[in-house]
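**Student:** Okay, here's what each chain looks like letter by letter:
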Amino acid sequence: DQQVKQNSPSLSVQEGRISILNCDYTNSMFDYFLWYKKYPAEGPTFLISISSIKDKNEDGRFTVFLNKSAKHLSLHIVPSQPGDSAVYFCAASRGPNFNKFYFGSGTKLNVKP
Amino acid sequence: ETGVTQSPTHLIKTRGQQVTLRCSSQSGHNTVSWYQQALGQGPQFIFQYYREEENGRGNFPPRFSGLQFPNYSSELNVNALELDDSALYLCASSLGGGLAGFTDTQYFGPGTRLTVL
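Residue numbers (this note's numbering), protein chains in the order written: chain A, 1 to 113; chain B, 1 to 117.
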């Protein structure tokens with residue numbers, strides 16, 4: 001059962017513009033969400049997280065938005081840079097003491113110079 | 001501070017064989033989680049070890065087993081390999097327990113690519 005879904009396998013954006021990556025989940029018990037970035041031949045790297053008590057979390061060029069009623073979260077990257085080209089995974093858990101993370105299938109972002 | 005390392009990088013086995021994958025945690029981390037990532041999919045949680053004890057398991061059969069050692073390095077063992085076990089196997093270490101619970105940031109290794117023929 002796919003409890004976390006990323007419906008866009010790929011996204012192409014021009015350098016300097018905004019990248020918006022989307023993620024939907026089905027389990028209303030999820031209360032902790034993360035985004036990971038993955039380059040080829042490397043493991044996923046933690047990017048940003050958000051707890052369900054917030055609806056927005058910002059870290060530099062990266063902002064994650066959480067819409068609990070819609071069971072939807074999104075990652076905004078502004079401005080996008082060619083080095084941001086990677087596969088982005090969203091993940092969710094029933095935190096803070098629950099250890100099982102559910103991952104989406106990933107969105108491949110290509111930022112064109 | 002050393003990162004998470006995994007060995008081997010690539011492995012080819014035949015159906016029915018057994019395989020052991022290894023993971024060295026990031027310095028100071030006491031928790032390791034193992035994931036299976038099939039082609040085109042996200043990582044799927046196999047199990048987690050905290051201070052040498054299994055601390056949660058995903059929907060994987062018992063032929064997937066693990067160990068965590070006193071130095072917090074870890075092994076994933078898979079018996080009776082099947083073709084569908086072909087995947088990238090990722091381990092992730094974190095500092096678990098305490099106020100952070102087990103959702104503290106997980107640091108992933110580069111993975112072991114297993115091919116079962």
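These are computed hints drawn from the structure, not numbers from a lab.
Built from N, CA and C at the ideal position, the CB exists for glycine as well.
Treat the hints with care, as some may be off.
As the list claims (entries may be wrong) - Chain B stretches covered by chain A per the calculated footprint, using a threshold of three residues with CB under 8 angstroms from any CB of chain A: (1) 13-26; (2) 33-43; (3) 68-75.
Claimed, not checked - In silico contact screen, one side only, chain B against chain A (beta carbon under 10 angstroms); selected entries: (4) PRO8; (5) HIS29; (6) ARG57; (7) ASN79; (8) PHE108.
**Student:** Hint PRO8 (chain B) vs chain A: min CB-CB distance below 10 angstroms?
**Tutor:** violated (14 angstroms)
**Student:** Report holds or violated for chain A covering the stretch 13-26 of chain B, Cβ cut-off 8 angstroms, minimum 3 residues.
**Tutor:** Result for this restraint: violated, n = 0.
**Student:** Hint PHE108 (chain B) vs chain A: min CB-CB distance below 10 angstroms?
**Tutor:** Nearest chain A Cβ about 3 angstroms off; hint holds.
**Student:** Less than 10 angstroms between beta-carbons is the criterion; does HIS29 (chain B) satisfy it with respect to chain A?
**Tutor:** violated (13 angstroms)
**Student:** Count the residues of the stretch 68-75 of chain B whose CB lies closer than 8 angstroms to any CB of chain A, then report whether that count reaches three.
**Tutor:** violated (count 0)
**Student:** Does ASN79 (chain B) hold up as a contact with chain A if the rule is Cβ-Cβ below 10 angstroms?
**Tutor:** For ASN79 (chain B), the interface hint is violated, since the closest Cβ of chain A sits about 23 angstroms away, which is over 10 angstroms.
**Student:** Holds or violated: the stretch 33-43 of chain B covered by chain A, criterion of 3 or more residues with Cβ-Cβ distance under 8 angstroms?
**Tutor:** holds (count 6)
**Student:** Hint check: is the beta carbon of ARG57 (chain B) less than 10 angstroms from a beta carbon of chain A?
**Tutor:** Where the cut-off is 10 angstroms and the nearest Cβ of chain A is about 8 angstroms from ARG57 (chain B), the hint holds.
The structure is inconsistent with the numbered hints 1, 3, 4, 5, 7, although it conforms to all the rest.
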